[in-house]
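> Here is what each chain is made of, one letter per residue.
2 protein chains.
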Amino acid sequence: MPQNPQIHLVSRPTGEPSADNFKLITLDTPALQDKQVLVKHEYMSLDPYMRGRMNDSKSYTAPQPLNAVMVGGTVGEVVESRHPQFAVGDKVVGMGGWQTYSVVDADTPGLLRKVDTSHVPISHFLGAVGMPGVTAWHGLVRIINPQAGQTLTVSAASGAVGSAFGALAKARGCRVVGFAGGKDKCDYVVNELGFDACIDYKEHSDYLSLSKALKDACPNGIDGHFENVGGMVLDAVMLRMNEFGSIAVCGMIAGYNGKPIPMTNPSLILMSRLKVQGFIVSEHPADWPEALKELGALVGSGKFKPRETVAHGLANAPEAFFGLLKGKNFGKQVVKI
Amino acid sequence: MPQNPQIHLVSRPTGEPSADNFKLITLDTPALQDKQVLVKHEYMSLDPYMRGRMNDSKSYTAPQPLNAVMVGGTVGEVVESRHPQFAVGDKVVGMGGWQTYSVVDADTPGLLRKVDTSHVPISHFLGAVGMPGVTAWHGLVRIINPQAGQTLTVSAASGAVGSAFGALAKARGCRVVGFAGGKDKCDYVVNELGFDACIDYKEHSDYLSLSKALKDACPNGIDGHFENVGGMVLDAVMLRMNEFGSIAVCGMIAGYNGKPIPMTNPSLILMSRLKVQGFIVSEHPADWPEALKELGALVGSGKFKPRETVAHGLANAPEAFFGLLKGKNFGKQVVKI
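Chains as they are written, first to last, in this note's numbering: chain A, 26 to 362; chain B, 26 to 362.
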């Protein structure tokens with residue numbers, strides 16, 4: 026059996042994670058048992074939710090165990106199979122973790138899914154046509170449920186979730202305004218992703234200033250918002266929300282590394298009769314087929330051209346992850362194994 | 026025509042309102058035109074929302090005009106009628122304002138409603154079997170939508186909305202825990218209103234302390250919360266909310282008089298996948314008949330014994346209103362005209 030380089034979490038970060046929280050080790054892959062499949066990973070995914078799992082505290086999922094392979098999404102190829110529905114050479118997406126190979130109990134529903142890479146590059150099944158894309162779909166369709174002509178906003182617009190949100194919203198005839206950090210990202214959001222406008226939140230030192238910029242970008246107010254970040258952007262958006270608007274809360278990345286960030290004016294939930302709802306995409310498996318079909322069609326047809334930041338080599342995964350938490354990535358962050 | 030003493034708002038309060046914001050004047054009642062009805066008020070309602078209307082700022086309703094009769098709910102008797110569906114002696118509820126008589130265009134739907142006072146004292150149509158009761162019903166039934174056996178909480182539990190919420194929740198087989206200020210109010214909430222427990226928020230100086238007390242009162246966590254106040258109670262409740270819980274936001278009284286009060290940890294909306302939704306009962310007219318029927322039956326049968334604080338005389342309305350904003354009332358605050 027092949028050697029399997031892998032990254033373990035060996036200590037829990039307090040605040041920002043650092044290299045000594047992780048350890049690269051190499052183990053043998055075990056022999057396959059009946060109904061198991063051996064997958065060689067081509068790409069692994071890095072996502073903000075991983076920081077939350079590194080804490081040993083109440084969250085929506087169990088903490089990442091210490092001295093075990095870091096969890097995470099992977100795409101790759103079946104290199105050995107003892108399951109009748111998977112053949113050597115099949116391209117598959119799963120939760121293989123931060124390692125080179127994974128042994129998968131392929132009989133367990135949802136652990137491994139075959140993908141068609143004839144029109145969509147395989148790495149996109151970790152992003153636009155994967156978990157981040159379905160996340161955007163669920164928030165847009167199930168929580169915001171917009172009408173054509175309405176104005177929607179999304180934070181972290183150049184990221185994997187935000188860019189998919191924009192493509193899905195434009196496909197429904199909405200005006201879409203993004204938030205991103207820096208001119209390069211904002212230009213990309215407007216020129217390549219087709220958003221109607223993008224606001225550089227780094228140009229604003231407080232939410233009132235940001236909210237003024239938002240007034241120009243959203244002359245008819247905001248009917249729905251998709252929140253990936255929290256903090257200043259959310260405060261600014263809430264001031265501009267129209268009556269009966271909806272806010273889908275998918276991420277609070279700014280709070281992961283330290284103290285909770287308060288919501289400045291929650292009374293706007295009453296004043297504007299808002300619905301603010303949190304969700305986790307993995308709890309809505311029924312949405313995945315419909316969402317993936319739409320996302321695959323948008324990417325396959327070239328209407329949605331998702332961007333990626335690719336780190337090379339498993340050993341560089343921690344460094345790439347630190348960059349992701351600081352917003353250094355541009356589009357979906359993956360690691361080429 | 027009779028003389029009509031009435032109270033006008035003559036200047037807008039900044040912070041707490043004071044007596045010089047109001048003026049008691051007496052005008053003649055005009056002669057009735059066709060389809061109009063003259064109502065002599067027996068009671069008028071005082072409600073926290075009135076403070077918000079005194080501001081000349083964005084809110085969910087137009088500001089109270091200056092030098093005009095203060096808005097507000099009233100119950101009374103028809104003393105003259107030029108409308109075929111209303112007869113002298115009919116008991117009616119309407120929005121007559123802070124005055125002794127009102128002339129109502131009785132043809133306009135929703136302005137005037139006849140009530141049956143044979144089993145329910147007339148003043149309760151301003152409280153338990155009126156707008157506050159329907160407010161509790163909408164938040165409970167339309168937003169929280171609880172199952173029997175679930176745990177629900179409500180702030181300002183001894184007030185008009187909170188006490189109705191408790192009665193409606195108990196009727197659905199829920200565990201109900203209230204918040205109130207002071208031992209007298211808490212005893213009343215448990216012993217007379219039939220709540221399972223009541224927490225005196227005045228015994229706690231911060232939301233973490235309050236949240237510990239809540240843990241004892243809600244050993245299975247909280248599935249739904251009805252928010253009348255905001256601030257510390259909401260922060261404490263959010264820490265104890267179960268996954269997929271709902272929070273109906275009906276009031277943020279603590280913020281009316283000054284700066285907005287932040288929500289300390291909005292990331293719990295994501296962590297616990299909460300739905301937080303604001304609403305205004307007047308925007309849901311379709312709910313009123315069903316809600317009033319249930320509330321009338323609860324009060325008429327004696328299962329729900331709402332309490333009132335009665336101020337005597339129109340001239341004392343401003344002082345009673347100041348007390349209401351400070352929580353000095355006990356149950357529904359009304360003024361006997």
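If you are wondering where the hints come from, they were derived from the structure by calculation, not from laboratory data.
Heads up, some of the hints might be wrong.
Identical copies carry no separate label here, and so any pair may be met within one copy or between two of them.
DSSO-like cross-link-like pairs, simulated, lysine-lysine; straight-line CA separation at most 27 Å [claimed, not checked]:
(1) LYS195 <-> LYS300
(2) LYS318 <-> LYS65
(3) LYS328 <-> LYS60
(4) LYS240 <-> LYS284
(5) LYS60 <-> LYS195
(6) LYS116 <-> LYS353
(7) LYS48 <-> LYS240
(8) LYS139 <-> LYS208
(9) LYS208 <-> LYS116
(10) LYS284 <-> LYS300
(11) LYS227 <-> LYS195
(12) LYS361 <-> LYS48
> Please go over all the hints and tell whether each is borne out by the structure.
Hints and how they fare:
no. : hint              : in the structure
1   : LYS195 <-> LYS300 : both (22 Å within a copy, 26 Å between copies)
2   : LYS318 <-> LYS65  : within (25 Å within a copy, 65 Å between copies)
3   : LYS328 <-> LYS60  : neither (39 Å within a copy, 62 Å between copies)
4   : LYS240 <-> LYS284 : between (30 Å within a copy, 22 Å between copies)
5   : LYS60 <-> LYS195  : neither (43 Å within a copy, 52 Å between copies)
6   : LYS116 <-> LYS353 : neither (29 Å within a copy, 69 Å between copies)
7   : LYS48 <-> LYS240  : neither (48 Å within a copy, 39 Å between copies)
8   : LYS139 <-> LYS208 : neither (38 Å within a copy, 63 Å between copies)
9   : LYS208 <-> LYS116 : neither (37 Å within a copy, 66 Å between copies)
10  : LYS284 <-> LYS300 : both (25 Å within a copy, 22 Å between copies)
11  : LYS227 <-> LYS195 : within (25 Å within a copy, 51 Å between copies)
12  : LYS361 <-> LYS48  : within (18 Å within a copy, 75 Å between copies)
In summary, the numbered hints that this structure violates are 3, 5, 6, 7, 8 and 9.
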